[in-house]
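Guided by the hints, dock chain S onto chain Y, whose structure is given.
In case you want the letters, here they are:
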Amino acid sequence: MVALKKLGEGLVFLWLLTLVAFAVVKLAPGDVVLSMLRIDTVAVTNEQIEALREELGLNMPIWQQYLAYLGSLAHLDFGTSAMTGQPVIAEIGKAFPATLMLAGYALALALILAAILGAVGARFAGRWPDRGVLAFCMLGASIPTFWLALVMLNVFSVRLGVVPSMGMGDGGMILPTVALAFAVAPPYIKILRNSLIESQDLDFVRASRSRGLGEQVIFFRHILRASLIPVVTIAGVSLGSLLGGTVVVEKIFGIPGVGKLMLEALTRRDYAVIQAFIILIGVIVFLINTLVDLSYRWLDPAISLKGKARA
Amino acid sequence: MKRASTLARALTALAAAASLALAACGSGSSDSTADATAADKTLNFVTVYPANTTDAHQVQASFILNSGAVETLVGFDPDTLELYPWLAESWDTDDAQHWTFHLREGVEFHNGEPMTAEKVMASLQDSIDVNPGVAAALTIDSMEVVDEHTLSITTADVYPALISNLVHFNAVITDVDAEGDLPVGTGAFKFDSFDIAGEAVLSRNDSYWDGTAKLDKVVMTANEDSNARVMALQSGDADIIYRPGLESLPTLEADESLTVDTVSGTRVYHLLYNYSGANADLWNNEEFRRGIDALVDRQSIVDTVMGGQATVAYNVFPGDWPFSPETTEHEFGVEAALQHFEAAGLDVADGKVTRDGQPLSLKMATYVARAELPQIAQIVQDQARQVGIDMEIYVAENIDEYLPQGDWDLVTYSLLTISRGDGAFFLNSAFGADAAQNHGRLDDPTLQSMLDAFNKEVDVDSRTEQTREIAEYIDAEAYNSYITVPNESAAFKDTVTGWKTPANEFEFQMITKDLDIN
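Taken in sequence, the protein lines are chains Y and S.
Sequence positions in the first sequence follow the numbering used here and run 2 to 312.
Sequence positions in the second sequence follow the numbering used here and run 8 to 525.
Extracted from the complex, chain Y is given alone in its bound form (with noise of 0.2 Å):
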């Protein structure tokens, strides 16, 4: 029943999202037919550009051009890039494993200060510890990614010489992956050392020591366990952030990834590949969000039980 409904659900969202795809592009100002003809150097007439335009369906009434558009969907066939004549699946499928490793690099390094810097936040609350820690959040939140991005750029790559300043190879991993960590970071820090403090003086917590049970195993069963279900919310919400986030710093720092794609995409009005763009970010969301859901059922089964009591 809820697997059931979760599909209908998705299917809705997915509609919605084939809409938005299309209505983005085609409220977009700029014409691909001027480029595809390189207009810049080669003498065309406005019979040719219309001839391609009238190739290419943009001439078709807007109805016929969205079903044409679903019906090329439901094959599984995002066109073609107008601009390299490559099926745009084959483009996103080379730049995502690039966007995926930088995603998953920065949300683990996040995660990871979130568990050392929540936990000495949690465990000095109120002391100069836990100070720094909400100082330490307080700037990744109000520092630009990019500003961020830049300097380390000019310190560790123009002035020390430490780390390339583009591309993926020798180390060039580091700065964009700490640059969006860092961005990316604060809220976990902050919510899971709340969650921590608070979960300490849960009434199950001080039962559990009543009953004599280790601090080991009431932190990492009980308090832990407990204090991740916030987290694990944020992970979901954050995503939409994270990826905003690696196109930027994909940009700064020559890395080809799905945002550096979707960049040059936008500046070159390739709609296949905008199109797709916003159709894969959106069923990962939707995928994330949805395993986030599950998630808290295993995190705190009184959830799943509530659900059945209802049903």
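Be aware that one or more of the hints could be misleading.
[To be verified] Stretch by stretch, here's where chain Y covers chain S in the computed footprint (C-beta under 8 Å, at least three residues):
| id | stretch |
| --- | --- |
| 1 | 71-81 |
| 2 | 132-146 |
| 3 | 438-447 |
None of these hints come from the bench; they were simulated from the model.
Each residue gets a CB set at the ideal place from its N, CA and C atoms; glycine is no exception.
Leaving out everything else, chain S in the frame of chain Y:
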């Protein structure tokens, strides 16, 4: 106490995990730069526009042609701006529709495959199939292999401009059957690696048909930020940069370890008039056009806006090229303008122009993609104000999409006019009856018949003569105001020899076999 030790253990474990994660970030593929710099003679070159794909037939910018790895059937000499046989040793045609190309023998692709008529045909066919721009430029109807080194091409119609259009950077000859993503051409350098987001590493092609390159390796990158290019040169990372920013030229020239080379470009900044808009009656009046032209302070624009890095232009093909008309200076000044406005039938009183008792108000479009154009618009606006003409400046986000809407009177514009050794591109593009770049929709039957005759002319000398005559006619009719030709520059270390600054980035190799570094 026990709780604290648990936390401490957890922290230690996490810190170790953090170190591992960062170490993992550091792993990656080997850096091609490191390999490249290990070679004896490696030159680092930074150009402006990156490639958006490694496919030479689809790439939007001319990065791949500039790299020296690929060649076209017909070349374009940067010194004389004349066409010359390159991969095609010669060609002949009786009617400019049926062509026979005699290919150079002994030419090999980088993968060792011989360049045969079959391969050339496949390459041209691929560029036509994947690139509608090339299809429109070449208008090839059919191709046939005559023998191993002879290719017959039939165009859809009589088309003498075919030769010129074979210079296009997307019409380069590659082995389309070659495996892998790297362009496999016939040039003096071959791609070792090509990361469109990073760098292209090229090494010398020891089997090059036209001698051996002096350099061992070239690392080529692109950066659209002119300051970044200049910094790359100043920091020593780059040996040559193309198109340093105008403002940086004095600094670079003052540096004794650097050389700045400047040549006249092939692009002309101009004012394009709208002959079919709301004020079509004004713009179709030759005296009115002459009046507006007299308000254009060309020298001041060159001195101030262009920082002296340009030359004054009066016609569509300025300079001393084979088809350039003799330069006739245009009169400039308020007095001259007023005389023309009066001759145009407008009212002139107290140094001001009116029409039916009302001041003239015109809309001048411009765009920021070329930073000097809005400044030129302001100078023209100031000058027009002196004679009582109000010019409202409208900055369009995308000028080529805005202009077809027709809601404008004049626009500061920029086009390559001297292109690929033949006037065909510019004349057809800007003055053809249905041409995409004839934004003002000028419709002059005399000019059109001259253009039609030119488009059918086969003889090269006659084409040159006709090009010149058309340019003179455009000048005589004061169609549009041609203002200035921006210079093209490159800056390089004094250790570099053999560099030739091209007049534009679209039509020339930049890395050549003659380049050297000491």
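Here is what the structure says about each hint:
Evaluation of the coverage hint for the stretch 71-81 of chain S: breached, as 0 residues show C-beta separations to chain Y shorter than 8 Å, against a requirement of three. Counting residues of the stretch 132-146 of chain S whose beta carbon lies closer than 8 Å to any beta carbon of chain Y gives 7, which meets the minimum of three for the stated coverage. Proximity of the stretch 438-447 of chain S to chain Y, defined as three or more residues with a beta carbon under 8 Å from a beta carbon of that chain, is established by the 5 residues found.
Checked against the numbered hints above, the structure breaks only hint 1 and satisfies the rest.
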